[in-house]
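Trainee: Take a look at the letters that make up each chain.
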Amino acid sequence: MTTPGLARRKSKLDDWNRPPVILPSGDGELLEVAMGPHHPSTHGVFRMDVALDGERVIRLKPVFGYLHRNHEKIAEGISYLGSMPYTDRLDYICPLTNNWAYALAVEKLTGQEVPERAEYLRVILGELTRIQNHASSIGFLIQEMGASGTPLMYAFREREKILDLFEALTGARMMCNYMRFGGCRVDATPAWLDATRKVVVGLPAFVDEFEQLLRSNEILMARTQGVGILPPQLAVNAGVTGPMLRASGVNYDIRKVDSYGIYNRFNFRVPLGDHWDVYDRFMIRMLEMRESIKILEQALKEIPGGPVMDPKAKIRGFRPKPGEAYGRIEAPKGELGFYLISDGGTNPYRYRVRPPSLINLTVLEDMCLGSDIADVVLIFGSVDIVLGEVDR
Amino acid sequence: MLGEGILKGLAETAKNFAGSFFSAERLTTVQYPEDRIAPIEAARVFPILIYDGLDWEAGLRCVACQICEKECPPKCIFIEKSKDKKPDALGKQQFYPAEFDIDISVCMSCQICVEVCPFEAIKMDTVYELSTEDRFQGLLLDRRQLARPNRYFQQIHPTDAGVVDARLAADKVKSDAKAKAAVDATAAKAAAAAALQSVTAPKPGEGN
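Going down the list, the protein sequences come from chains F and D.
Everything in the first sequence is counted per the numbering used here, starting at 1 for the first residue and increasing by one.
Everything in the second sequence is counted per the numbering used here, starting at 1 for the first residue and increasing by one.
If we strip away everything but chain D, and leave its shape as in the complex, we get (with noise of 0.2 angstroms):
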């Protein structure tokens, strides 16, 4: 019968139409902005920087060793190195960036500098109600804006968080050990030398 496919057709489509008022699963969308869908723990917008601490300046984990500029695919990542050192939060003398911008008008959200930091300084954000007025320095975010306190990673990615924080307490605990260790060997060198200049110290009065 010519239109039975058309009727068929029908009938899947007033299936639907009723099956909207019934089943949840066929309403998909959400009532933005005032309904908002549950955060997802993967999602990544931008890159932030974490620091340890309080003071965001002094706890940057960032060590300026610029990997993240030179892998960065689109180029939107400027770092300036320090002239001076500064301790990190191992006690180990560390360049600092001096300037760190990120332009996120140029940013595609790839992730790469987050896979490539050895310091675990660089993480993705989750915020993406980004827009501004300010085309040009709305979207060039420095240090100071990019700076985000671990406190606040912990929140946004838990799992990542756990592993991250895991790995850094072990990095501290070996690395206090080693500078323990080092402390006892100068100590135990000094030692040895002041006992063997006790032995070999020529007596005053001996010498020539």
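Isolated chain F (complex conformation) (with noise of 0.2 angstroms):
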């Protein structure tokens, strides 16, 4: 469905590559407003120092750092082994992909094979992180629309039942420390699995019920189409990854791109959006749920016995050859990288996270020049970001 602002603001995106002049009208003053770093809907602490005319958006400038930890360069004085719990508070809403990224990172830097069992092991975790994490982002975008509780509620209903599996099989609801390099930490029991497809047979019935709940409600239709138009020269430009590129219509998914782990054995479909905009990315999400739970019903009925950890593997005082290396994975919300270089000795030389959530935040200011205050927070909503993978 094309509305008319859309085509409208589609033409102002000629030159793509410099973000849109917009002018003041000319009659009173600018107000600057520190949007956060308190304000509710920014996801923790993050600032946007906007300016306004009236309602309109003039300047945007993202001011991020309030909850700099000093990940990297912790990680560069602790082994290979102590850096695993630390990946867990990066993207905290989904550990298990952290977890992926980090080990994959890793395993390519010491050269060691991960037995199958763990390999499916991992693609469960990580596509049941990913229904998880678009249900609740989903759910947050809608409660600052001003739907204050309903589909927030209904995402985090499912998402309990996930979370509970986390805990079961790794100890933890959301600081998981599950993935070690070359394996898992623990075998999923029998019990474990059939847990597993109890969840997973509920899931379609649960995307269905909100897809219902949302999909065609006109005040959302209202509120996002048209809003936050991302073209895809821009966002290929800035590097942006994830369902947020998807939603910009450019087919790149890593899962596909690179085949990590065993991607490549399963039948699944990239969603693509073709407006560009906030409602895109919302329905994006939506479908990547399907996708991914085709995904879970076949890993799950395919999963292998065997071990789960490779038994020459060390998990402590290993010291991996001089070299680099550069593990990535499709997570939930976009490329998630890790880049190791080794100097010999235990513990890193240097260590760089390429967190999704920082790098989509960067075309913040292009997506929202021109529109309304109150449209900032649903722009700032869709690319969906966790602070703790911004500012680190």
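With a Cα cut of at most 30 angstroms, we get these calculated BS3-like pairs of lysine-lysine:
1) F:K73 x D:K70
2) F:K314 x D:K174
3) F:K294 x D:K15
4) F:K312 x D:K172
5) F:K161 x D:K8
6) D:K172 x F:K314
7) D:K15 x F:K198
8) D:K178 x D:K85
9) D:K180 x D:K83
10) D:K81 x D:K174
11) F:K312 x F:K108
12) D:K86 x D:K172
13) F:K301 x F:K161
14) F:K161 x F:K256
15) D:K178 x D:K83
16) D:K75 x F:K108
17) F:K73 x F:K314
18) D:K81 x F:K314
19) D:K85 x D:K189
20) F:K312 x D:K75
21) D:K75 x F:K314
22) F:K321 x D:K70
23) D:K8 x F:K198
To be clear about the criterion: a stretch of chain F counts as covered by chain D if any three or more of its residues have a C-beta under 8 angstroms from a C-beta of chain D, and this derived list gives those stretches:
24) 151 to 162
25) 174 to 188
26) 206 to 216
Keep in mind that the hints were calculated from the coordinates and are not lab data.
Glycine included, each C-beta is placed from N, C-alpha and C at the ideal position.
Bring the two chains, given one by one in their own frames, into a single complex with the hints.
Mentor: What follows is the structure, encoded as structure tokens:
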């Protein structure tokens, strides 16, 4: 469905590489507002310094760093294993994908193999993480729109079931610390797999219900369609990844491009948007949940027996050969990468995180200029960030 | 029709509202602290030290090797090694921790100390109601406060405890066999030496 506003805004974006210059109307002064760091819509501690002409945004400057915890430097001072629990705290909504990306980087560095069963467990946990992340991020987005509670509550009811599975397997609901270099820490029992199958069987009904609740809601469509347009050229140039990039119509999914782990064995599709707006980002997440359910069904059917840990793998005191490695995965928010340089010691010489949230946030100003201040909250919510990962 | 989508959404909400009276699945919360969910076996909160037998001080499995202290990511473990040694469960002379403190206000429950411990001495507890009014000493636990008997571990993590106990029993059998072999070897050596001595020993009055 196209709206007149969309066509108008698209035509403004001819010179896509430069943010559109929005001139004040001239009658009166600009009002500068600091939105945040304690604004409830900022998902944590994030500040947007906006200059307003009436209700229109003329300038927007993101300010972050309030949650900086020195993650990268700490990791250079402790062993490879010691950083694993800290990665849980980057994007605390999806700890298991963070674990996975870091384990992948260290495995590339040391050249370790991962047993088949562990790969399957990683896929199952990664896709469960994606579902709960997308469900809660949609819930938060709708809550910021003013629907306080109901969609978020439905999303969290489902997330609760997935977190219960995480707790039963890894011992913690959010700080899982589950994956290890060369496999996974503990094996899943048959009872756990059965419980997972039960949850996965119930998921399509939840997505249907969620879609029924939101998809055709007129208020939601009026608020989101044609708002926060991100043209594909700009998205690619800015390095935006994940559902945001796919909502801009660029077919780029690291699960397909890189097929890390065993993703080439699964049959799934990559949904793409063609309006590049907030509504597309919301719908892409909805569709990705359905694709994740497909992957989960296949993985739970095919999961083989065997060990979950490479028997030769050492969990501590190993010294990778001098060199570098970059492990990247398709985290729910985009490309999550860990770049490691080893100098032959027990600690990494350099440890760098490529956080999807931070890099997706760099196009915030371009999306917000010229829109109303009330839409800034929506556009920001549709980026789907976690400040733990932005500031590290 | 304008408003159709909203009505469809409201029908979903109504379904959920009515469903919450009939379906237990739609009621996800419990009335804590009166009601509690069943304890989860894999749950982990803070570390504890395991001891064998009845005397906590004599039975502590920890030998103060300080691996956990080195590996602990937030460095919340403080160990002081003893000067003397005492026999461990296998009867071997080992150091023991003269001081073993864990600052649980710093601990992040990551379980790495448990994974790296070669002696099965440190395990994770499942008690989570640990609030205290004392900001300083109340959260710095010493080895007396951390010590728990092995039967407590068997109670909270039965599956893990089964594996650990089997492994320790196997170690015990092996070490007993080794000790017995060593004793036998010493006895045999002594006997051989005695025999050799009886052959080669100079007869009194012969030397010089």
